[in-house]
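Visitor: Given the coordinates of chain A, assemble chains B, C, D, E, F, G and H onto it according to the supplied hints.
Chains as they are written, first to last, in the numbering used here: chain A, 38 to 291; chain B, 38 to 291; chain C, 38 to 291; chain D, 38 to 291; chain E, 38 to 291; chain F, 38 to 291; chain G, 38 to 291; chain H, 38 to 291.
Treat each hint with caution, since some may be false.
[As the list claims (entries may be wrong)] Derived Cβ-Cβ restraints for the label pairs, each shown as a range: (1) A:L72 / G:S71: 52 to 60 Å; (2) A:P99 / D:I46: 42 to 50 Å; (3) D:E233 / C:E59: 56 to 64 Å; (4) A:L72 / C:S112: 36 to 44 Å; (5) E:E233 / H:K51: 55 to 63 Å; (6) E:S71 / F:Q94: 29 to 37 Å; (7) G:E233 / E:S71: 19 to 27 Å; (8) E:E233 / G:G73: 27 to 35 Å; (9) H:K130 / E:G53: 53 to 61 Å; (10) E:E123 / D:S210: 53 to 61 Å; (11) D:E70 / C:S205: 18 to 26 Å; (12) C:P99 / E:E233: 33 to 41 Å; (13) A:E233 / D:I46: 22 to 30 Å; (14) D:E70 / A:P99: 45 to 53 Å.
Hints listed in this document are in silico derivations from the structure and should not be mistaken for laboratory results. All residues carry an ideal CB built from backbone N, CA and C; glycine is no exception.
Each chain, letter by letter, is given below.
Protein chains: 8
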Amino acid sequence: MTEEELKKILRHYKTGRLPEKELIKRLKAPGYESLGFATLDHHRQLRQGFPEVILCQGKTPPQVAAIAARIAHRSQPLLATRAMPEHYRAVRKKVRTATYNEAARTITANGPAKIVPGALGTILVVTAGTSDIPVAEEAVVTARMFGNQVETLYDVGVAGIHRLISQSVRLLSASVIIVCAGMEGALPSVVGGLVEVPVIAVPTSVGYGASFQGVTALLAMLNSCASGVTVVNIDNGFGAGFAASLMNRGLRPR
Amino acid sequence: MTEEELKKILRHYKTGRLPEKELIKRLKAPGYESLGFATLDHHRQLRQGFPEVILCQGKTPPQVAAIAARIAHRSQPLLATRAMPEHYRAVRKKVRTATYNEAARTITANGPAKIVPGALGTILVVTAGTSDIPVAEEAVVTARMFGNQVETLYDVGVAGIHRLISQSVRLLSASVIIVCAGMEGALPSVVGGLVEVPVIAVPTSVGYGASFQGVTALLAMLNSCASGVTVVNIDNGFGAGFAASLMNRGLRPR
Amino acid sequence: MTEEELKKILRHYKTGRLPEKELIKRLKAPGYESLGFATLDHHRQLRQGFPEVILCQGKTPPQVAAIAARIAHRSQPLLATRAMPEHYRAVRKKVRTATYNEAARTITANGPAKIVPGALGTILVVTAGTSDIPVAEEAVVTARMFGNQVETLYDVGVAGIHRLISQSVRLLSASVIIVCAGMEGALPSVVGGLVEVPVIAVPTSVGYGASFQGVTALLAMLNSCASGVTVVNIDNGFGAGFAASLMNRGLRPR
Amino acid sequence: MTEEELKKILRHYKTGRLPEKELIKRLKAPGYESLGFATLDHHRQLRQGFPEVILCQGKTPPQVAAIAARIAHRSQPLLATRAMPEHYRAVRKKVRTATYNEAARTITANGPAKIVPGALGTILVVTAGTSDIPVAEEAVVTARMFGNQVETLYDVGVAGIHRLISQSVRLLSASVIIVCAGMEGALPSVVGGLVEVPVIAVPTSVGYGASFQGVTALLAMLNSCASGVTVVNIDNGFGAGFAASLMNRGLRPR
Amino acid sequence: MTEEELKKILRHYKTGRLPEKELIKRLKAPGYESLGFATLDHHRQLRQGFPEVILCQGKTPPQVAAIAARIAHRSQPLLATRAMPEHYRAVRKKVRTATYNEAARTITANGPAKIVPGALGTILVVTAGTSDIPVAEEAVVTARMFGNQVETLYDVGVAGIHRLISQSVRLLSASVIIVCAGMEGALPSVVGGLVEVPVIAVPTSVGYGASFQGVTALLAMLNSCASGVTVVNIDNGFGAGFAASLMNRGLRPR
Amino acid sequence: MTEEELKKILRHYKTGRLPEKELIKRLKAPGYESLGFATLDHHRQLRQGFPEVILCQGKTPPQVAAIAARIAHRSQPLLATRAMPEHYRAVRKKVRTATYNEAARTITANGPAKIVPGALGTILVVTAGTSDIPVAEEAVVTARMFGNQVETLYDVGVAGIHRLISQSVRLLSASVIIVCAGMEGALPSVVGGLVEVPVIAVPTSVGYGASFQGVTALLAMLNSCASGVTVVNIDNGFGAGFAASLMNRGLRPR
Amino acid sequence: MTEEELKKILRHYKTGRLPEKELIKRLKAPGYESLGFATLDHHRQLRQGFPEVILCQGKTPPQVAAIAARIAHRSQPLLATRAMPEHYRAVRKKVRTATYNEAARTITANGPAKIVPGALGTILVVTAGTSDIPVAEEAVVTARMFGNQVETLYDVGVAGIHRLISQSVRLLSASVIIVCAGMEGALPSVVGGLVEVPVIAVPTSVGYGASFQGVTALLAMLNSCASGVTVVNIDNGFGAGFAASLMNRGLRPR
Amino acid sequence: MTEEELKKILRHYKTGRLPEKELIKRLKAPGYESLGFATLDHHRQLRQGFPEVILCQGKTPPQVAAIAARIAHRSQPLLATRAMPEHYRAVRKKVRTATYNEAARTITANGPAKIVPGALGTILVVTAGTSDIPVAEEAVVTARMFGNQVETLYDVGVAGIHRLISQSVRLLSASVIIVCAGMEGALPSVVGGLVEVPVIAVPTSVGYGASFQGVTALLAMLNSCASGVTVVNIDNGFGAGFAASLMNRGLRPR
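Next up, chain A with everything else stripped away, as it sits in the complex (with noise of 0.2 Å):
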């Protein structure tokens, strides 16, 4: 709560508008709805200008779908990541216009948003490999949601580098680059090593023996020598879709 919101709030309290057990219920309400098993935040719109996300690994297909059908019900967009088709058929039957992306193992309704346009630029979503697609797809569905437009240049790994040297046209002309790599730590340092703009740098367990499951990838992309590339979770290429989106909105008014 801002300070002008809490003069007002307070003011009606003195002139008696407002009685005190209700300015106490303001002072203290939490803006959260609680499920048992699950707190929802409602004003996370309001308070990120994004809606409320549901990571579905760990959840039961009911807690699912109970989430789903709240956010739904306020008609905010839903995006349910890692979600298995048992995920999506219990949300179907609560949320009826829920559609699922097996690639990107994601749930959505209530979207994707439309573009912004002129303001925004454009987000371009790279892979090393091929295996390194469904984690990429995780990232665009995320960035399209929330009103990106996106692009995609796929299997461009450093071990034949001219592929990706042919394309710095593409590159060049993206606002933020999302680099998804299991068995290529180096492709983001290459990749912000041509570029003026945010590089997002997204490990996948792809791969065998000593890549271990996408920590060899992430350490390699830690230690890029390309100033501008931050990095995130395995395989988290939600959170590479959501971190691009907020780099992409450009400075506005406070």
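Guide: Here is chains B, C, D, E, F, G and H on its own, set in the frame of chain A:
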């Protein structure tokens, strides 16, 4: 080289204005200068809009001084990080205007850039504890060097969460937030949940025992549940400052 | 055996009331019963004030059932953790009154103990997310089984810190707090900074990528800056519930 | 602020005893003081019943001295841990009564608190070996500083288990037990099996080879089969002493 | 080949009794038989006094059966470890007398050797818990196969140390002790402190969370403070049984 | 593109034989074909002298089949590794001549290349045990596909060192040796000490307990004291076969 | 205390020869002496047949000297390991006959024990390289101190396997073999395959890069395929020497 | 010994030219010389075509000097790596012609071998950064010592990929390429994709934070997607130089 530039020099070649030898040289020109032990990238400022930066760690003072001299010779802004006093003494002999920031371990000259009025927002640098300040200062120097307005908020860790909550006005007025923490990897997550701008998390090698020289903070930051948080290498204040500068530039016409 | 007890039986021996053979047997008596594959500690309830507990993981259903039968035979409270349905089916045949809690994966009988009025405070079990609930429930069942009053507060992670702050009344009224979290290892630290009672942190194996099946949460919890926080093994809801019970017993005359 | 306090100042405001400006200040008051490099929590003693504690590691002597001076200025008990002699020399200039414990590496002043008669039990601090004593002493100083009666039992590792068994009377008469061990991670487990009170395990960085600076002891302690054992960070004698103090306070009316 | 043997065949060659071709063959003879996918060591029984042993893990049932057939063909004792039922079914077709021990996952034939009277002592196999028994049984089968007298003592972990102490007579009467433990890496250390014979520690992959599939037990065992304890690989019951057999053979004239 | 080629097409352009549009296309031509999910490198055979190879792991059968079809369409040799039967079934529909090697998990067509007589030596593939054979076979298939003469020597681990020593003639007659081992990371070191040619070590994920899925073998191989040994990723039989092929080509005039 | 001893003192008590107070004291007597910072086990020589040993690492010189003085006071053999010169200087003042072995870093007095003629075999200590010798020497001093005949064979690593093979006579004539290696974890495996006696592997912290201070050697040794090999902690020459002494004692009547 | 040699000496023995004693000596002769702390392999030059090399790390200066003297005594080329100035001073006293290369930390004498004209190609040594040069220089000295023509290309990391691309002519003209990198583990992969010769990757311990003293670079190199890349231990410039020499020898008649 853009296609437009290519077209132009090819026409000059065809009409004879540009000799074949010169054309080939330009098509092949690397824009790099070799010092034997280092290969300088003289095009980087053009390509990335930011000057070359020297990581002193692992380089001898004479090597750092030689590179610094080449940069200063071109009147480009000079930033050297992880500089020990002996690096500074060597640089000082070649670049008279160079200054040393002991806390941040940086050498700078020909800067900082003037803060661009209006278009740019404020970068806020936050630390969990007092021990995280040196890394934070490296980020501060870097971001200021690249022409950003920078503010700081130190020692506001989550174990006394009200210290942070009470500063929410400052958090909400920043364009990009850098959070440095060694013993409280969750601070970026808490901050990320309070704001609607990109948050860059910098794990620091502060702590003991199971902090493992910053690894625990790094991992905790990568697991952050707050969307919009991205991570850089342990103690990489420079990387955070640089990435924040890119994010703070806003969207420009291309 | 205390010195008092020792004195008593020695005097009985001297006066002839206790034959030498019996005395030696008592001096050597282990208070243990061997089932071949298991050695039951029949004195534990006397020694620790709490009954024997069975960890089902790694034991076959017949092994669990045999141990459970021996405990029930003595009318001691029965608690078996990490029980699969097949363990329950085997136990059920021998202990008719046994019940199964699927969420907590526990088998119980001859309980829960009645809550001791007055002397005991409340144990509050908190989770960062919905996925942490199964581990939390193991702690809840354990603490209730040992006669504690237990309350829960679920899905109040630090990424939306106000969800937690708004519940500070409940936090402040607890005697011991158990905090279960897999992706937000800092939650115990935040809670510990708000209260003046012992906080037991339970890392959970929830999460993906760099969460490493709970290791990241474990390490983050160990680095907690909030004093008063101690940690148990990953997913060890039982251990947290047991330790909380000991802490909740208060000080008794000895 | 509790609801009761809130009600009171609101009524004073309504009746005019409290001006609006003052009310807002109180509602917003953080209770924190900023020294630039540190943000002091002046409410902690009220909130947690224990004073502010300074971790010297990572702080410069002037920083520690400045913080110590602010605490002493309010006549609060002063405890600084991991203090080097240079920290003490700096503190000594500002806080004349400060004393230094070289073994425990602590600086203290305005203490220790008087031991509360009757209500409080004894905290017993145990070590596996002679090398674990410095960490144990940090726990001893901390617990004494907070008004506890403390006893010690050193060098009773499990490789000569009778050394421990022969001391069972002392183990059984403690209210809380702290066990410090670097090469014998199982000692807390053995102790935990002998008593019916909370056991806090402190891994120490003592040992060589596969002890990995305390990690092996830490992991072994987390795997403890004895219920009632909780663990703190490697070498964190302070944390153990603080948590033991909370556990030793017993239950108070709320 | 010993020098004596060499002298003998060289003289036969010189006198013409042994043709040059045959001499060279003998000098070069490996004593190995190749099955293409396996190279059998037919001299091992001579060289080591113990027969060839087959590790089934990683081998197909036909491969195991073919090797077993070659061993049985020479009437050597057959021992195959980590055998799945399908391995046994394949072996059974070729070696009619083979038997399968499901708990120990072993296939045996032409054995066990008769226990050598008098000269050999007893090997005692101890486990910390019930879940460690399968690994212990592999050690038991192995040691019996090699002609040792073997006794067992199961579920005597350190959390209830009196269970172990009460069995000290059995511990003291053994010649070699094997201790298997997954959650209580300190058990070998406690045992080693009670006896004066070699103790072989076998970490097991039993446990959860920070037990890391036996790694924690392994490390704890290596840090054992009790002298006389040596360690084998995680779950390597066979290795422990074999090494114990060597230690139990006593000293023979050479 | 070499400078010679560049000069030629530039002159054709100047004389008008090559239109500007075509020149630009050539200067920009990547030599890559995009399938959306994959970017094929059609110049690799020219550049590296070896055809494109498909890693099936992480790709769907339709993706593998589509790539295979594009390669076969150009009559280039086809090699797909880590292929599951479903990959083969999909490829078979598009490339009729494709064959599947179940042990090596490879799909091949248009090969193997004929063995170049005279100029090329022999590649010897060695394994420590029977379980290492599948990885070795991947190396065998790869090396044969690229036109090498290949021999094998299986199950000659160091625990029975004479098995290896007795084969020294075969070791000494090879040009390059590939050594695959999971439980005996020292085998490449022993081999490297016996020969004077490059030895490529391939750790395999065979073993249990502290073998950590090949990591122990990998590390042991990297520590090899025998000069001339280099290492590839765990289970990377293909990489070893490919590198051995490059080493076996000898030196050619440039 | 054995049952026989117990019977005897109980009868003396019954007949009045032993007063109750004395009986209780004996039943409770620990056989330990406390120095405050150390608890000496005066019964160990009786119980284990070997004297108390001091690990100097982590102890101050005065602590080591005080313990040494107590041991020497009882004319027991004195062995202190990992002793720095300052430890020796402190001990020397209290135990005049103490001598220091710089290579092995040991302090000894009242020894070594005389080698038992006939009954005992020879312990052979082998190293892979020259750098492993200090650890080997600690084993040599220990084994000699306990009355064993010890021989050495240094710098016979597997990279030049013939160096080892050529010494097979010496290998075959040993009763127990200790193998110390830092860069060649496979040496114990090779040795184990050549002999029929127990082999104790000692990883050393020699090496660089991926040797990880002995961890790679440790893991490689645990994966040994040669049966009969057991392992001790990194650099634990003492532990190996002690265990070898136990194995070398042969079987005695009980 | 080859079969041919064996036949010859056997015939000499039969005809009496070679006495039995001498024959046995030859059959048993190890070709090794023992210095007590080191076992020199005098046959290595014959066997491998390259002289003995001394790793100074872990050896005392007198030990290194004694070994060097034995090698120089036979007029074999001398190469000692990881030599500190004190090693050099000791060697200098015994081998007057020895020279020290401070950057590469090598001692050499009796070399370098003359570069074999014609038959041998060029070994190119590449580094990602300036800090990687010391390791690269060790490789350069080694390769030159063994008679190779060596060129260098330093500071061409992937973050400014054009620096590398612009040097493709030099890359393409090498026979073997060694790539040293600490912060850019992907450089070998990029290089490997550009050439058709063996690439040896050397991770260096350069970097900070999540570079883990070269481990991140090592892992990234092992995951290289470019075929033809093999890896040596961290900082093992010598190993890379040696292996490159073997690869550069081409194929010789056997």
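Visitor: Hint by hint, which ones does the structure fall short of?
Guide: Numbers 3 and 13, in rising order.
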